[in-house]
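Engineer: When we follow numbering that gives the first Met the number 0, the leftmost residue of the sequence shown carries the number 0, and every step to the right adds one.
Some clues are possibly wrong.
Here are the simulated DSS-like cross-link-like pairs (lysine-lysine), alpha carbons at most 25 Å apart as the crow flies [said to hold, decoys possible]:
1) Lys-102 <-> Lys-66
2) Lys-43 <-> Lys-66
3) Lys-66 <-> Lys-153
4) Lys-43 <-> Lys-153
Just so you know, these hints were derived from the structure itself, not from any lab.
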Amino acid sequence: MTLLQGLPPIIDERARVLILGSFPSEASLAAAQYYAHPRNQFWKILGEILGLPLTDMDYAAKQAAVKAAGLAIWDVYRSCERLGSLDAAIRNGVPNDFASLTKSALAGRHPLRRVCFNGRTAGRFAPRLAALGFETLILPSTSPANAGWSYADKLAAWRAALT
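All chains, please: the whole structure from these sequences, using the hints.
Structural biologist: Here is the structure:
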């Protein structure tokens, strides 16, 4: 199995809330873009919350909108082995360096205080981030594999966390 490398974070000095997924899908890795799978509801949900047509915007504009809203996007794993795109297939995951985020926040480089996890797999890292002093919330996954939540319920949960 090949070792896969994740994507760099989308973050700047305005970040108040970090959204952490587990690891990019095959489609996201191929496009070098977060949430690139066409059936993932992330950009649609975030667009409704921000009042922006994110699904119609190019990736650079999406990144700019995320930053302008005081949000940041990253994943819990820096690298892993995985066949396919399912979180259940992740093996030998190496976590990202969350301690550096804490140091940056304490140094006043950004006001990051809350971490929202996109789904339960990413949410397994909530205790680790809480121990670093962040408020943590586990949200329903925006993945097409999460059929247990309706779109309206996902949107309501995400809206409550981000507004």
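Engineer: Look at each hint and say if it fits the structure.
Structural biologist: To see whether the hints hold, each was checked on the structure:
no., hint, in the structure
1, Lys-102 <-> Lys-66, "holds (19 Å)"
2, Lys-43 <-> Lys-66, "holds (17 Å)"
3, Lys-66 <-> Lys-153, "holds (22 Å)"
4, Lys-43 <-> Lys-153, "holds (11 Å)"
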